[in-house]
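Peer 1: Let the sequences and hints guide you as you build the complete structure.
Number of protein chains: 2
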Amino acid sequence: MCTDQQNTQPLMALNPVGVVRSPFKAPMLMAKDSGLSLELRTEKVKEHHRQVKTGISELVIDKQWEPLLDGVEGFSHILVLYWPHLIDPSRRNLKKVHPMGRKDLPEQGIFATCSPARPNPVLVTAVVLKERKGNVLTVQGLEAVDGSPIIDIKPYSQNYMIIEALKSPDWMEQIRSELDED
Amino acid sequence: MCTDQQNTQPLMALNPVGVVRSPFKAPMLMAKDSGLSLELRTEKVKEHHRQVKTGISELVIDKQWEPLLDGVEGFSHILVLYWPHLIDPSRRNLKKVHPMGRKDLPEQGIFATCSPARPNPVLVTAVVLKERKGNVLTVQGLEAVDGSPIIDIKPYSQNYMIIEALKSPDWMEQIRSELDED
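Which chain is which? The protein sequence lines are A and B, in order.
The first sequence runs 675 to 856 under our numbering.
The second sequence runs 675 to 856 under our numbering.
Source of the hints: derived by calculation from the structure; they are not laboratory data.
Since the structure is predicted, the reported quantities are computational estimates derived from the model, not experimental observations.
Treat each hint with caution, since some may be false.
One copy or two, either will do: identical chains are not told apart, so a pair holds if it fits within one copy or between any two.
Unchecked claim - Heads up, simulated DSS-like pairs for lysine-lysine below, C-alpha to C-alpha not over 27 Å straight-line:
#, residue 1, residue 2
1, K699, K841
2, K841, K727
3, K737, K720
4, K699, K720
5, K807, K841
6, K769, K807
7, K720, K807
8, K699, K718
9, K807, K718
10, K737, K769
11, K804, K777
12, K720, K804
13, K770, K804
14, K737, K718
Peer 2: So this is what it looks like as C-alpha cells:
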C-alpha cells in the first residue's frame, strides 16, 4: 500500500528542501539529564524556553527551490516543518511519555504531546519571519537544532490556522504557566 | 545524504498512521474547472469553504497506534498532518502558482501559499476535536479528501502556536474577505 510500484520507494518519501542554521547545537534535554532534580530540570527548560523565544536562526533553502520563496516576505509569520535528525529512529515506536520528561506529570499518548519522538517525526513550529535574502530566511523562535533538514515552509495565516477559545489539559496549562513566570 | 545506509530507505520516510474518512470525495478544484469564469470559480470556492467549516470527518487511527491518542481528548483543537494522495506526484516540482488557481491574483512561490502541490506535500490543518472513541477521532473543519493517509496528530495549543498580530499579503487578505462575506 505504501510502496510506489515504479521505483520501490515508499510513496510518502520526503526530501530536504534546505537546512536549519541555529545557535542550538543539541536538543533541550538529553539522556544525561534524566538524573536531574525536578527543580534543576524545570530551571533548565525555562532558560531554554527564553533562549528559543528570542533566538535567531537561518533557514537556508536549496538554490533549486529558491523561486518557491517568492512572496513569502509578505507574511509576518511562517510555519516551519522540519525533521529532528538527532532523534534515535527507534524512538519512533514510543507510545507514551511524561511531558518534557517530567515524572511529576501524568504520562500522555504521543499524539497528545509535542514530543519529537513520534511515528512520523515531522515537527511544526510557527516563527517570526524577520527577513528574506535570496534563498535564506532569518526567523525568530525556532527550537530546531543546527543541521535539521527542512521539509516545508508555509504561510502562517489566520485564514486557516487561528482558532479561538483553545482548551488544553491541566498538565499543559501547568507547564505554560511555569514557563511564563519570571 | 538522505539515504539510510542500513536499509537503503530514504532517511525521511513516512508511514501512514491512519486514514481520513470524509464527506469530501475529490479536491475542491479539478483540472476540469480551469475553464470556469472567475465568478463561477469564486462561488464554487465559497460554497466549498462553507462546507469545510461545518463538515465532520473521522480520523481512523491504526489499532497499533491507538495508545498514542490517550490524553488527546483534553484538547479542544488538534493539528492534523496528512498527505494529499490524489495530487499527481509530478506536481511536487511546481515552483509558482496563482493562489487557488485565480489568474486575477499575482503568481506566488509555492512556499508563500497553502497549495497542496509542493516538494514535500505534508498538509497541516487545525481542526475542532469533537470526540474520541477508541481509535477514532471525530473532527470538524478538515478539508482532506476521503482516503487521505494521516501522518501525525498533534495538540493545537497556545503554548507554541498562537502568535498575535499576524500580517498577510494583500492577495491573501482579499481571498479571506471574499470567503467571509455572505
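Peer 1: Take the hints in turn and mark each one as holding or not.
Peer 2: We went through each hint and held it up to the structure:
{"no.": "1", "hint": "K699 with K841", "verdict": "neither (33 Å within a copy, 31 Å between copies)"}
{"no.": "2", "hint": "K841 with K727", "verdict": "both (22 Å within a copy, 19 Å between copies)"}
{"no.": "3", "hint": "K737 with K720", "verdict": "neither (37 Å within a copy, 36 Å between copies)"}
{"no.": "4", "hint": "K699 with K720", "verdict": "within (17 Å within a copy, 46 Å between copies)"}
{"no.": "5", "hint": "K807 with K841", "verdict": "between (38 Å within a copy, 19 Å between copies)"}
{"no.": "6", "hint": "K769 with K807", "verdict": "between (41 Å within a copy, 18 Å between copies)"}
{"no.": "7", "hint": "K720 with K807", "verdict": "neither (32 Å within a copy, 35 Å between copies)"}
{"no.": "8", "hint": "K699 with K718", "verdict": "within (15 Å within a copy, 48 Å between copies)"}
{"no.": "9", "hint": "K807 with K718", "verdict": "neither (34 Å within a copy, 37 Å between copies)"}
{"no.": "10", "hint": "K737 with K769", "verdict": "between (38 Å within a copy, 12 Å between copies)"}
{"no.": "11", "hint": "K804 with K777", "verdict": "neither (37 Å within a copy, 29 Å between copies)"}
{"no.": "12", "hint": "K720 with K804", "verdict": "within (24 Å within a copy, 33 Å between copies)"}
{"no.": "13", "hint": "K770 with K804", "verdict": "between (36 Å within a copy, 22 Å between copies)"}
{"no.": "14", "hint": "K737 with K718", "verdict": "neither (37 Å within a copy, 37 Å between copies)"}
The structure shown violates the earlier hints numbered 1, 3, 7, 9, 11, 14.
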